[in-house]
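Peer 1: For the record, the sequence lines run as chains A and B.
In the numbering used here, each number is its position in the first sequence, counted from 1, plus 34.
In the numbering used here, each number is its position in the second sequence, counted from 1, plus 34.
When chains are identical, the list treats them as one kind, so a pair holds in a single copy or across two.
DSS-like mimics (lysine-lysine), calculated; alpha carbons at most 25 Å apart, straight line:
hint	residue 1	residue 2
1	LYS49	LYS126
2	LYS356	LYS475
3	LYS577	LYS223
4	LYS473	LYS494
5	LYS278	LYS591
6	LYS278	LYS144
7	LYS144	LYS223
8	LYS577	LYS278
9	LYS473	LYS126
Worth flagging that the hints you see were computed from the coordinates, not collected in a lab.
2 protein chains.
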Amino acid sequence: MPSDIEIAQQAQMKKITEIAASLGLPADVVEQYGHYKAKLDMASLSTAQQNEIFSRPDGKLILVTAISPTPAGEGKTTTTVGLGDALNRIGKQAMICLREPCMGPVFGSKGGAAGGGYAQVVPMEDINLHFTGDFSAIAFAHNLLSSMIDNHIHQGNALGIDPSQVSWKRVMELNDRALRQVVIGLGGKANGQTREDGFDIVVASEVMAIFCLAENLNDLKQRLGNIVIGYSFEGQPITARDLKADGAMTVLLKNALKPNLVQTLEHTPAFIHGGPFANIAHGCNSVISTRLALKLAEYVVTEAGFGADLGAEKFIDIKCRKTGLRPDACVIVATIRALKYHGGVDVKDCSQENLVALKAGLVNLEKHVENITQHYGLHCIVSINQFTTDTEAEFAVVSECMASLGVKVVLAEHWASGGAGAERLANEVVKQIEANTSKLKYVYDDTDTLWEKMRKVATKIYGAADIAASRKIKTQIEKLQADGYGHYPICIAKTQSSFASDPTLSGAPTGHIVTIQQVRLCAGAEFIVMICDDMVTMPGLPKDPCATRIDIDADGKVVGIF
Amino acid sequence: MPSDIEIAQQAQMKKITEIAASLGLPADVVEQYGHYKAKLDMASLSTAQQNEIFSRPDGKLILVTAISPTPAGEGKTTTTVGLGDALNRIGKQAMICLREPCMGPVFGSKGGAAGGGYAQVVPMEDINLHFTGDFSAIAFAHNLLSSMIDNHIHQGNALGIDPSQVSWKRVMELNDRALRQVVIGLGGKANGQTREDGFDIVVASEVMAIFCLAENLNDLKQRLGNIVIGYSFEGQPITARDLKADGAMTVLLKNALKPNLVQTLEHTPAFIHGGPFANIAHGCNSVISTRLALKLAEYVVTEAGFGADLGAEKFIDIKCRKTGLRPDACVIVATIRALKYHGGVDVKDCSQENLVALKAGLVNLEKHVENITQHYGLHCIVSINQFTTDTEAEFAVVSECMASLGVKVVLAEHWASGGAGAERLANEVVKQIEANTSKLKYVYDDTDTLWEKMRKVATKIYGAADIAASRKIKTQIEKLQADGYGHYPICIAKTQSSFASDPTLSGAPTGHIVTIQQVRLCAGAEFIVMICDDMVTMPGLPKDPCATRIDIDADGKVVGIF
Numbered sequence: 035m036p037s038d039i040e041i042a043q044q045a046q047m048k049k050i051t052e053i054a055a056s057l058g059l060p061a062d063v064v065e066q067y068g069h070y071k072a073k074l075d076m077a078s079l080s081t082a083q084q085n086e087i088f089s090r091p092d093g094k095l096i097l098v099t100a101i102s103p104t105p106a107g108e109g110k111t112t113t114t115v116g117l118g119d120a121l122n123r124i125g126k127q128a129m130i131c132l133r134e135p136c137m138g139p140v141f142g143s144k145g146g147a148a149g150g151g152y153a154q155v156v157p158m159e160d161i162n163l164h165f166t167g168d169f170s171a172i173a174f175a176h177n178l179l180s181s182m183i184d185n186h187i188h189q190g191n192a193l194g195i196d197p198s199q200v201s202w203k204r205v206m207e208l209n210d211r212a213l214r215q216v217v218i219g220l221g222g223k224a225n226g227q228t229r230e231d232g233f234d235i236v237v238a239s240e241v242m243a244i245f246c247l248a249e250n251l252n253d254l255k256q257r258l259g260n261i262v263i264g265y266s267f268e269g270q271p272i273t274a275r276d277l278k279a280d281g282a283m284t285v286l287l288k289n290a291l292k293p294n295l296v297q298t299l300e301h302t303p304a305f306i307h308g309g310p311f312a313n314i315a316h317g318c319n320s321v322i323s324t325r326l327a328l329k330l331a332e333y334v335v336t337e338a339g340f341g342a343d344l345g346a347e348k349f350i351d352i353k354c355r356k357t358g359l360r361p362d363a364c365v366i367v368a369t370i371r372a373l374k375y376h377g378g379v380d381v382k383d384c385s386q387e388n389l390v391a392l393k394a395g396l397v398n399l400e401k402h403v404e405n406i407t408q409h410y411g412l413h414c415i416v417s418i419n420q421f422t423t424d425t426e427a428e429f430a431v432v433s434e435c436m437a438s439l440g441v442k443v444v445l446a447e448h449w450a451s452g453g454a455g456a457e458r459l460a461n462e463v464v465k466q467i468e469a470n471t472s473k474l475k476y477v478y479d480d481t482d483t484l485w486e487k488m489r490k491v492a493t494k495i496y497g498a499a500d501i502a503a504s505r506k507i508k509t510q511i512e513k514l515q516a517d518g519y520g521h522y523p524i525c526i527a528k529t530q531s532s533f534a535s536d537p538t539l540s541g542a543p544t545g546h547i548v549t550i551q552q553v554r555l556c557a558g559a560e561f562i563v564m565i566c567d568d569m570v571t572m573p574g575l576p577k578d579p580c581a582t583r584i585d586i587d588a589d590g591k592v593v594g595i596f
Numbered sequence: 035m036p037s038d039i040e041i042a043q044q045a046q047m048k049k050i051t052e053i054a055a056s057l058g059l060p061a062d063v064v065e066q067y068g069h070y071k072a073k074l075d076m077a078s079l080s081t082a083q084q085n086e087i088f089s090r091p092d093g094k095l096i097l098v099t100a101i102s103p104t105p106a107g108e109g110k111t112t113t114t115v116g117l118g119d120a121l122n123r124i125g126k127q128a129m130i131c132l133r134e135p136c137m138g139p140v141f142g143s144k145g146g147a148a149g150g151g152y153a154q155v156v157p158m159e160d161i162n163l164h165f166t167g168d169f170s171a172i173a174f175a176h177n178l179l180s181s182m183i184d185n186h187i188h189q190g191n192a193l194g195i196d197p198s199q200v201s202w203k204r205v206m207e208l209n210d211r212a213l214r215q216v217v218i219g220l221g222g223k224a225n226g227q228t229r230e231d232g233f234d235i236v237v238a239s240e241v242m243a244i245f246c247l248a249e250n251l252n253d254l255k256q257r258l259g260n261i262v263i264g265y266s267f268e269g270q271p272i273t274a275r276d277l278k279a280d281g282a283m284t285v286l287l288k289n290a291l292k293p294n295l296v297q298t299l300e301h302t303p304a305f306i307h308g309g310p311f312a313n314i315a316h317g318c319n320s321v322i323s324t325r326l327a328l329k330l331a332e333y334v335v336t337e338a339g340f341g342a343d344l345g346a347e348k349f350i351d352i353k354c355r356k357t358g359l360r361p362d363a364c365v366i367v368a369t370i371r372a373l374k375y376h377g378g379v380d381v382k383d384c385s386q387e388n389l390v391a392l393k394a395g396l397v398n399l400e401k402h403v404e405n406i407t408q409h410y411g412l413h414c415i416v417s418i419n420q421f422t423t424d425t426e427a428e429f430a431v432v433s434e435c436m437a438s439l440g441v442k443v444v445l446a447e448h449w450a451s452g453g454a455g456a457e458r459l460a461n462e463v464v465k466q467i468e469a470n471t472s473k474l475k476y477v478y479d480d481t482d483t484l485w486e487k488m489r490k491v492a493t494k495i496y497g498a499a500d501i502a503a504s505r506k507i508k509t510q511i512e513k514l515q516a517d518g519y520g521h522y523p524i525c526i527a528k529t530q531s532s533f534a535s536d537p538t539l540s541g542a543p544t545g546h547i548v549t550i551q552q553v554r555l556c557a558g559a560e561f562i563v564m565i566c567d568d569m570v571t572m573p574g575l576p577k578d579p580c581a582t583r584i585d586i587d588a589d590g591k592v593v594g595i596f
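With the hints as constraints, model all of the structure from the sequences given.
Peer 2: Written as structure tokens, this is what we have:
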């Protein structure tokens with residue numbers, strides 16, 4: 035089979051104006067970015083046209099999530115794409131909503147993030163590179179605020195900002211470990227106040243989270259203004275609004291906030307908009323694009339980052355809680371290979387039949403299913419991304435186990451066959467939605483204390499015995515509670531590789547303690563980030579980064595992105 | 035009169051597809067970025083179509099330059115726009131080529147850079163903000179190389195890069211003085227090697243200069259590969275190619291390299307592409323866009339940054355020397371107000387008639403005229419941007435003075451009246467081009483030593499008595515000469531406010547000494563930067579930055595960019 039980029043480059047794409055027209059959108063709305071990408075400017079419609087669209091009943095929302103990620107690969111994005119294509123093939127009108135890939139990991143070790151095989155969004159290389167510039171705009175807005183903080187201090191510091199209490203760092207859109215911890219403002223008075231600082235990757239920026247949670251431009255501006263950048267010498271919080279940065283930051287994000295429209299290989303319309311990390315942030319595409327998709331399509335397939343303990347939990351406890359959005363069905367993606375990995379098999383041996391390891395590894399899937407059905411209240415379907423090395427006996431083991439929980443398992447072959455390979459999955463999803471058995475629940479209540487919220491997620495979702503924190507962190511949490519932030523949801527940053535905060539604990543560990551190492555107030559995003567163990571918010575490049583293989587060939591074609 | 039942004043927002047723009055069609059370009063070439071911006075993908079044409087276009091004779095090239103900038107304002111970009119519009123009005127087929135504005139200064143104190151009054155390029159706010167993302171791509175390519183350097187050192191340093199001899203810094207697309215001098219890699223082994231570093235503003239990046247000098251994608255890749263990032267412990271130069279970064283950097287710039295097409299308020303087609311600083315870099319838009327414009331229009335009006343001592347000198351000694359491009363005429367922009375400022379009048383008094391100061395300040399214009407005619411060999415026309423406070427007596431003084439040098443002076447009113455206000459200028463330019471008296475000369479020869487090149491520019495163009503440098507700098511220059519870089523042109527970074535390197539010396543100082551403070555090898559751009567006095571390559575924000583006034587209004591319209 036050809037490589038992902040070969041398949042993508044050979045695709046016969048439709049003009050993006052055609053894709054927009056297939057959604058019933060007038061041409062004026064379509065701001066083209068080249069022939070195959072567009073931003074949709076709904077504000078260019080008349081009030082009557084806007085009212086017509088936004089008063090329609092919502093389509094059905096399908097959340098695609100997964101078991102805990104392993105090096106053996108799962109395929110959440112390919113399933114989202116394949117399911118969208120399959121729904122269209124079986125006569126439904128569907129579209130998909132994804133996050134934008136971050137360029138940093140594309141040049142590191144992760145490669146692209148636009149699906150794979152015959153279940154991809156295209157133009158693949160554009161989506162993986164600058165796309166429509168949203169992340170650059172977000173990085174610029176973030177760093178403008180950073181610069182205005184240091185400038186304010188340098189120009190007399192009228193607000194009395196304590197340089198040692200500035201928590202607003204800087205960001206870069208790439209993997210750069212040397213920027214994690216830096217000292218800035220060296221070289222004398224003309225270069226400002228010397229202080230410690232650091233860089234996060236842009237997808238970890240609070241601006242990214244705000245961007246993805248904002249309902250509209252005014253809400254965006256309000257939230258940006260609410261960002262707390264640190265504290266004054268008197269201990270008062272200093273906001274972006276105090277620095278008069280909110281207006282300029284909003285202007286920088288004005289175009290970015292319009293949803294990006296592209297297509298799958300089979301011409302299913304796809305919004306790819308916003309891309310917060312699923313650990314340090316909430317891991318879902320923008321609320322604006324999800325809402326619009328629900329007005330334009332009968333079925334909207336979306337995904338949330340990493341496994342169902344991270345992405346799906348935040349999708350529900352943050353995105354749904356704050357917006358009223360409700361998934362009508364949930365698909366949980368697994369592979370036989372990955373389940374064997376969770377059962378203790380080395381990644382290089384995952385292609386061999388191993389029923390014992392498979393049975394052992396199934397606990398990971400079982401725990402995610404339990405979380406989705408019991409704690410999130412959603413009906414779920416398990417989709418197994420088929421590999422040629424999977425055996426019938428192995429599939430039977432998975433089916434049997436799930437049947438005992440009342441959960442249906444479907445084999446999906448969209449990677450090799452496109453939408454046709456996911457028709458069984460599509461039919462099952464439609465059946466479940468029509469049965470209408472999902473009743474969304476949250477893991478915690480708004481009125482729970484921050485500590486209690488963290489404890490509920492850790493014990494219910496992660497299977498932990500309890501949570502722990504140092505005296506210093508506990509005091510910080512108590513201060514946030516006392517300062518009136520107790521009603522915020524929490525956004526937990528922990529490893530995606532395990533239910534526990536130790537990435538080496540595969541399967542479904544229990545009895546572990548989750549330790550909170552850092553707490554961050556995100557007053558603009560309106561959540562409290564709880565960082566567990568040594569979560570890195572700025573990745574490094576590997577020994578042999580993808581960047582050394584990404585190139586143009588003699589014809590000027592891009593090679594080496596996978 | 036309404037403000038610049040009000041005029042721009044009220045403009046009745048044509049669709050960019052229409053503007054492209056007016057240049058005879060097929061629709062396939064036009065990659066739209068919204069309705070009013072596009073990139074032109076000439077590679078999408080058939081070989082026959084490409085041959086047809088690129089075998090046409092070149093149009094006429096008009097260089098717009100200026101006296102030494104003052105706070106009283108000159109209006110080089112408005113003249114470029116007004117002249118382009120006026121040429122079309124008098125029945126010629128004209129287009130313009132400009133640099134892209136850098137966002138940093140837009141949020142600092144400079145404001146926008148898309149012309150002004152009724153001589154603007156539009157959509158003004160898009161051009162001043164992210165535009166088509168070129169600068170983000172350039173910043174990313176630059177910083178990817180930075181990250182790969184530190185990663186290489188961290189991962190075993192097979193090339194033996196000396197961390198204390200890495201000269202490749204990082205860049206940001208904004209004004210941020212606190213990043214000028216930093217220490218990176220703090221926090222222990224996992225965060226890489228601790229070392230000194232610093233950030234330049236993106237327009238000072240060598241990648242920006244390379245981007246603007248590259249003839250095509252392959253040339254771009256070669257030049258990126260040639261970048262010298264520093265030296266090994268053995269004193270050997272380390273290149274981007276050694277780090278295998280050149281391919282990925284080229285891929286990041288692939289789309290950016292396509293020229294950006296927009297329009298003036300009067301629908302004159304405009305390429306706005308690339309934007310290197312006119313001090314630390316060479317200050318001209320991309321070679322690719324200038325070449326293409328010359329194939330698409332009879333007359334192409336372009337500008338070079340700052341005064342004729344900086345922008346025009348580099349336009350000729352770097353861009354023309356390296357590409358064979360030749361200006362057919364040169365317009366030098368001045369205002370009566372600015373000339374009075376050069377004569378010693380405070381900026382707040384520049385609106386009052388003052389013939390004595392005007393006569394004193396005329397020396398600045400005279401020296402620039404001498405440089406253009408005698409040292410660059412170009413015929414020049416002086417264009418006076420009219421202010422309502424200018425008097426007839428003042429204009430007469432300027433005309434008389436210039437007449438004695440055989441130079442024509444034209445009053446231009448495009449700021450208030452659009453292209454109609456620059457028709458006299460347009461007619462004069464056409465007359466001069468038809469007379470064909472320009473014979474381009476370079477200020478120095480390729481075979482001159484680097485020191486001699488610097489001395490020739492300083493003594494001939496700046497009126498200096500001589501140049502000077504410390505022992506250390508002299509040794510560096512000698513090493514570059516010995517290492518085989520002596521045939522490169524030089525790119526001088528000095529203040530734009532004076533012929534001297536002291537910004538307070540207005541008029542036309544003579545007898546001064548120009549001191550070289552820093553030397554930088556740009557082996558990709560193929561020039562040697564000579565930094566004189568304390569040139570800042572990362573600006574700071576002012577006490578009251580524009581960013582605090584840039585905002586969206588209740589209707590979501592951008593306000594506060596001027």
